[in-house]
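Undergrad: Sequence:
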Amino acid sequence: MLNQNYIDMCGMKSVIRELFSYGSERAKEIGYENVFDYSLGNPSVPAPESFTNEMIRLLQSENPVTLHGYSPSLGIDSVREAVATSLNDRFDMNYQKQDIFMVSGAAGAIAHAARAVTTPGDEILTFAPFFPEYMPYINSTGAVLKVVPADINTFQINFDAFVDMLNEKVMAVLINTPNNPSGIVYSTETIKKLAMILTEKEEEFGHPIYIISDEPYREIVFNGVDSPFIASHYNNTITCYSFSKSLSLPGERIGYIAVNPACEDSALLVDMFGQISRGIGHNCPPSIIQLAVSKALYDTADLSVYETNKNILYTELTKMGFDIVEPGGTFYMFPKALEEDAIAFSNKAKKLDLLLVPSNSFGVPGHFRISYCIPTEKVQRSIPVFQKLADMYL
7 MLNQNYIDMC GMKSVIRELF SYGSERAKEI GYENVFDYSL GNPSVPAPES
57 FTNEMIRLLQ SENPVTLHGY SPSLGIDSVR EAVATSLNDR FDMNYQKQDI
107 FMVSGAAGAI AHAARAVTTP GDEILTFAPF FPEYMPYINS TGAVLKVVPA
157 DINTFQINFD AFVDMLNEKV MAVLINTPNN PSGIVYSTET IKKLAMILTE
207 KEEEFGHPIY IISDEPYREI VFNGVDSPFI ASHYNNTITC YSFSKSLSLP
257 GERIGYIAVN PACEDSALLV DMFGQISRGI GHNCPPSIIQ LAVSKALYDT
307 ADLSVYETNK NILYTELTKM GFDIVEPGGT FYMFPKALEE DAIAFSNKAK
357 KLDLLLVPSN SFGVPGHFRI SYCIPTEKVQ RSIPVFQKLA DMYL
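According to the working numbering, the residues represented by the sequence shown are 7 to 400, in order.
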């Protein structure tokens with residue numbers, strides 16, 4: 007008999023992916039340049055030369071049998087060592103090789119982390135607005151994801167609601183900063199307060215509460231914005247990282263988990279990740295991609311275009327009357343829709359070939375997400391289309 011859970015999921019496909027597919031088909035009809043597709047967070051700038059050059063060198067110079075062979079279960083030792091060193095250099099930490107697990111992107115990292123620190127029936131809390139795929143990531147483990155309502159005035163953590171939802175069944179808190187979909191960066195003040203509350207609750211409940219920190223946008227932070235490294239403020243932090251955004255490598259599915267050395271059971275957790283991989287069929291990302299990213303750990307793609315795009319959109323849309331909490335990073339913003347029904351609003355935009363993602367699946371009603379990782383000239387050409395949309399509500 008077929009698994010009913012996955013049959014049900016077929017009727018609840020990703021709104022983002024469905025809209026992106028529509029945009030691709032629509033572009034075949036009227037031309038890519040005429041579809042203003044703000045649906046998918048697919049980086050629009052090339053990978054840095056350091057990564058590309060290393061890929062070329064590896065293919066031309068290294069033994070192909072070794073290069074394309076299996077890597078060790080926890081990742082290639084030299085790569086894990088390089089990742090630990092880079093984190094220590096940049097964030098004044100003391101990671102070692104044994105604290106690092108190489109993984110297929112941030113999604114794979116979260117899947118491993120959630121399984122390691124929960125058993126079926128345990129709870130993980132996250133904060134709205136949140137990336138919708140957190141639901142299948144967490145709920146498929148047997149744990150239960152519960153969502154803390156948003157503070158829509160700042161999109162920082164709603165601490166009153168958070169404290170009310172904390173109970174003995176909560177084993178982890180899943181945070182995403184810089185945040186998809188809001189673009190907000192949690193401040194040092196926010197993270198310190200979160201750490202203080204969790205430390206108190208750990209003592210009260212008699213068990214650790216882990217922060218699972220989802221950080222694929224860590225390097226996309228705009229000028230002057232306070233962006234703390236989470237693990238430096240809370241010992242029981244499991245950092246989940248992807249190179250998809252910083253190096254513009256989403257299709258390579260490469261990232262890592264870094265377990266804070268001060269974390270409870272830190273030595274055991276990474277070994278557990280290797281065993282979790284056996285159960286979910288993960289078995290490490292490709293060897294060649296691990297090796298290539300290890301030579302680009304201090305580099306990024308040219309991320310400046312995202313701040314340029316943000317400035318254009320924030321300035322022009324606020325002039326039109328859109329209410330927006332200004333992003334501090336990523337390539338997303340999360341304005342209020344001009345009517346309560348975000349789906350109806352986004353459908354009106356769709357008729358103008360302006361593809362915006364309604365907020366319902368992000369856990370906040372009445373908003374929409376703009377993913378502005380598109381060429382700047384296209385952002386500029388979209389402004390009159392946004393104006394047409396706004397004029398419908400005058």
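To be clear, the hints were calculated from the coordinates, so they are not data collected in a lab.
One or more of the hints may lead you astray.
Below, a list of computed lysine-lysine pairs in the BS3-like style, where the Cα atoms sit at most 25 angstroms apart [stated by the list, open to error]: (1) 342 / 357; (2) 175 / 198; (3) 152 / 103; (4) 301 / 325; (5) 394 / 34.
Undergrad: Taking the hints in turn, state whether each one holds.
TA: Checked hints:
no.	hint	in the structure
1	342 / 357	holds (19 angstroms)
2	175 / 198	holds (23 angstroms)
3	152 / 103	violated (33 angstroms)
4	301 / 325	violated (44 angstroms)
5	394 / 34	holds (23 angstroms)
Going down the numbered hints, you'll see the structure goes against 3 and 4, while the others check out.
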